[in-house]
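Given chain A, work out where chain S should sit, using these hints.
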Amino acid sequence: MEAGEEKSKKAGGECFYEVFEEEIHQVIVGNRLFKFGERVAIGASGGKDSSVLAYVLSELNRRHSYGLDLFLLSIDEGITGYRDDSLETVKRNEVQYGLPLQIVSYKDLYGWTMDEIVKMIGLKNNCTFCGVFRRQALDRGAALLKVDKLVTGHNADDIAETVVLNILRGDIARLSRCTSITTGEDGPIPRCKPFKYTYEKEIVMYAYFKKLDYFSTECIYSPNAYRGFACEFINDLERLRPRAILDIIKSGEDFRIATTTKMPEQGTCERCGYISSQKWCKACVLLEGLNRGLPKMGIGRPRGNVNGDYKDIKARSTAKTIESKQCGSLDF
Amino acid sequence: MQFTLEFGGGLELLCDSVKIHKVNINLLNDSDILTMKDLLSWVRTNLIKERPEMFMKGDTVRPGVLVLVNDCDWELSGQLDTTLEDKDVIVFISTLHGG
Numbered sequence: 001m002e003a004g005e006e007k008s009k010k011a012g013g014e015c016f017y018e019v020f021e022e023e024i025h026q027v028i029v030g031n032r033l034f035k036f037g038e039r040v041a042i043g044a045s046g047g048k049d050s051s052v053l054a055y056v057l058s059e060l061n062r063r064h065s066y067g068l069d070l071f072l073l074s075i076d077e078g079i080t081g082y083r084d085d086s087l088e089t090v091k092r093n094e095v096q097y098g099l100p101l102q103i104v105s106y107k108d109l110y111g112w113t114m115d116e117i118v119k120m121i122g123l124k125n126n127c128t129f130c131g132v133f134r135r136q137a138l139d140r141g142a143a144l145l146k147v148d149k150l151v152t153g154h155n156a157d158d159i160a161e162t163v164v165l166n167i168l169r170g171d172i173a174r175l176s177r178c179t180s181i182t183t184g185e186d187g188p189i190p191r192c193k194p195f196k197y198t199y200e201k202e203i204v205m206y207a208y209f210k211k212l213d214y215f216s217t218e219c220i221y222s223p224n225a226y227r228g229f230a231c232e233f234i235n236d237l238e239r240l241r242p243r244a245i246l247d248i249i250k251s252g253e254d255f256r257i258a259t260t261t262k263m264p265e266q267g268t269c270e271r272c273g274y275i276s277s278q279k280w281c282k283a284c285v286l287l288e289g290l291n292r293g294l295p296k297m298g299i300g301r302p303r304g305n306v307n308g309d310y311k312d313i314k315a316r317s318t319a320k321t322i323e324s325k326q327c328g329s330l331d332f
Numbered sequence: 001m002q003f004t005l006e007f008g009g010g011l012e013l014l015c016d017s018v019k020i021h022k023v024n025i026n027l028l029n030d031s032d033i034l035t036m037k038d039l040l041s042w043v044r045t046n047l048i049k050e051r052p053e054m055f056m057k058g059d060t061v062r063p064g065v066l067v068l069v070n071d072c073d074w075e076l077s078g079q080l081d082t083t084l085e086d087k088d089v090i091v092f093i094s095t096l097h098g099g
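Protein chains in written order, with UniProt numbering: chain A, 1 to 332; chain S, 1 to 99.
Same shape as in the complex, but just chain A (with noise of 0.2 Å):
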């Protein structure tokens, strides 16, 4: 499927956005991403991803009754430049469409906005924090609304960017959950997709004919970020052949890992309670460099024992094949 301009021809009569709509409704359906009833957050940043997931989800709401209770849930990093201004653009949408909006602050819940880190960490490894405190607070903003669900706009080039994104660290945890449309359900808030085989092309398309309100701008720390490689490489190949990116996220689902393979086992974190495959989770350990002024912790591979267990560090540091080395320990 060669994104829009298939679409387009696949068309005829009709227009791109009606063939849109419905393509997001069969995933939707033939998926079962929801249930009857429901309340479910939707993560808006006010981006252009979940600009377009917002009003789309509330019009397939409305047209096929899935009697779902929708809610806005934004998170501030504060991020001053980026997101004080998207911010509006989400409040402006509340209005527009018509959904009650909760914000959720990093000030509030960890006490350091984005600014602040930044500062004191400097240029490198901004999105390591970001990423775990997000994740994080959209769970907090999810209980506090007391949703069953939250659902987030993550497109095709995403998921086809996580991939190689893992593969690249040797990620085999991560490899094997990013590709699911839904994850979580084991823990506090599940979490969907419905845009997993959207193309961004395809939806700042909508937005444009559509002439949906969001707000266009790169984040002011992501420059620096990892991910950066996998989108310009991503976009490169997209250019060569289009169909390359639905083939990654169907090798990444297609993925089967060794069973000589070390996996983490989950667990929950001792400090707080979340979700955590050891013995303290990221955002602890993150959280605990930054309080003791040590910005490196938890960053890359450990040296240091926030987690006490000396006998894990021994046991990594003899192991003696790349196979047998725990998940996510190799560094670059």
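Simulated from the structure, these hints should not be mistaken for lab results. Careful, some of the hints might be misleading.
Every beta carbon over 10 Å from chain A, so not counted as near; a handful from chain S, in silico [said to hold, decoys possible]:
id : residue
1  : K22
2  : L27
3  : K37
4  : S41
5  : E50
6  : D71
7  : D73
8  : T83
9  : D86
10 : K87
11 : D88
For lysine to any residue, the following SDA-like pairs were computed, each having C-alpha atoms within a straight-line distance of at most 25 Å [said to hold, decoys possible]:
id : chain 1 : residue 1 : chain 2 : residue 2
12 : S       : K57       : A       : F229
13 : A       : K119      : S       : K37
14 : A       : K210      : S       : G10
15 : A       : K196      : S       : D73
16 : A       : K262      : A       : K210
17 : S       : K57       : A       : N235
18 : A       : K210      : S       : L76
19 : S       : K19       : A       : F229
20 : A       : K211      : S       : R62
21 : A       : K211      : S       : I25
22 : A       : K107      : A       : L87
23 : A       : K210      : S       : K19
24 : A       : K211      : S       : L13
25 : A       : K250      : S       : L96
26 : S       : K19       : A       : K196
27 : A       : K210      : S       : E75
28 : A       : K211      : S       : D59
29 : S       : K57       : A       : A225
30 : A       : K124      : S       : K37
31 : S       : K19       : A       : L87
32 : A       : K146      : A       : F36
33 : S       : K37       : A       : N235
34 : S       : K57       : A       : I220
35 : A       : K262      : A       : M297
36 : A       : K250      : S       : G98
37 : A       : K91       : S       : K57
38 : S       : K37       : S       : G98
39 : A       : K146      : A       : S251
40 : S       : K87       : A       : F209
Backbone N, C-alpha and C fix where the C-beta goes; we use that ideal spot for every residue, glycine too.
For chain S alone, kept in the frame of chain A given last:
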């Protein structure tokens, strides 16, 4: 020939934050044919005031920039070889930012 050029998705920042430009382009060659390739080159020289690498890569637009000619994806009309006519509307939208 007269054209309406629209820049979106953050690209307007490269053109003095102006989203819509109504321009008049006359080619110096003999033929009356103006292609997208010619237009891009003209835009880079005359409208892009900063960071041209955000708009173009080589002869064509940077990967991640959507191009619509009269509301139609330029991939359907031949990309760089698309021929333009008087009063055409060309839209450039960047997809390179968070969602």
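Verification of the supplied hints:
1. K22: Given a closest Cβ separation of 19 Å, the condition holds.
2. L27: holds, 27 Å
3. K37: Label holds. Min Cβ-Cβ 16 Å, cutoff 10 Å.
4. S41: Check passes; 19 Å lies beyond 10 Å.
5. E50: holds, 15 Å
6. D71: violated, 8 Å
7. D73: S:D73 not clear of chain A: closest Cβ-Cβ about 5 Å, inside 10 Å.
8. T83: The claim holds: S:T83 sits with its nearest Cβ about 19 Å from chain A, beyond 10 Å.
9. D86: holds, 23 Å
10. K87: holds, 20 Å
11. D88: Given a closest Cβ separation of 17 Å, the condition holds.
12. S:K57 - A:F229: Satisfied, since the Cα-Cα distance of roughly 16 Å is no more than 25 Å.
13. A:K119 - S:K37: violated, 44 Å
14. A:K210 - S:G10: holds, 18 Å
15. A:K196 - S:D73: Since the Cα atoms of A:K196 and S:D73 sit roughly 22 Å apart, the hinted pair holds (cutoff 25 Å).
16. A:K262 - A:K210: violated, 48 Å
17. S:K57 - A:N235: holds, 12 Å
18. A:K210 - S:L76: holds, 21 Å
19. S:K19 - A:F229: Violated - the C-alpha atoms of A:F229 and S:K19 are around 29 Å apart, more than 25 Å.
20. A:K211 - S:R62: holds, 23 Å
21. A:K211 - S:I25: violated, 28 Å
22. A:K107 - A:L87: Answer holds: A:K107 to A:L87 is near 15 Å, not above 25 Å.
23. A:K210 - S:K19: Status holds; Cα separation ~17 Å.
24. A:K211 - S:L13: holds, 19 Å
25. A:K250 - S:L96: holds, 23 Å
26. S:K19 - A:K196: Cα-Cα ~31 Å, so violated.
27. A:K210 - S:E75: holds, 21 Å
28. A:K211 - S:D59: Violated, because 30 Å separates the two Cα atoms, which is more than 25 Å.
29. S:K57 - A:A225: holds, 21 Å
30. A:K124 - S:K37: violated, 39 Å
31. S:K19 - A:L87: Holds, at roughly 22 Å.
32. A:K146 - A:F36: holds, 16 Å
33. S:K37 - A:N235: holds, 20 Å
34. S:K57 - A:I220: holds, 22 Å
35. A:K262 - A:M297: holds, 24 Å
36. A:K250 - S:G98: Satisfied, since the Cα-Cα distance of roughly 23 Å is no more than 25 Å.
37. A:K91 - S:K57: This hinted pair is violated, its Cα atoms lying about 36 Å apart.
38. S:K37 - S:G98: Violated, at roughly 29 Å.
39. A:K146 - A:S251: Cα-Cα ~35 Å, so violated.
40. S:K87 - A:F209: Distance ~20 Å between S:K87 and A:F209 Cα, so the pair holds.
In terms of the numbered hints stated before, the structure departs from hints 6, 7, 13, 16, 19, 21, 26, 28, 30, 37, 38 and 39, listed from lowest to highest.
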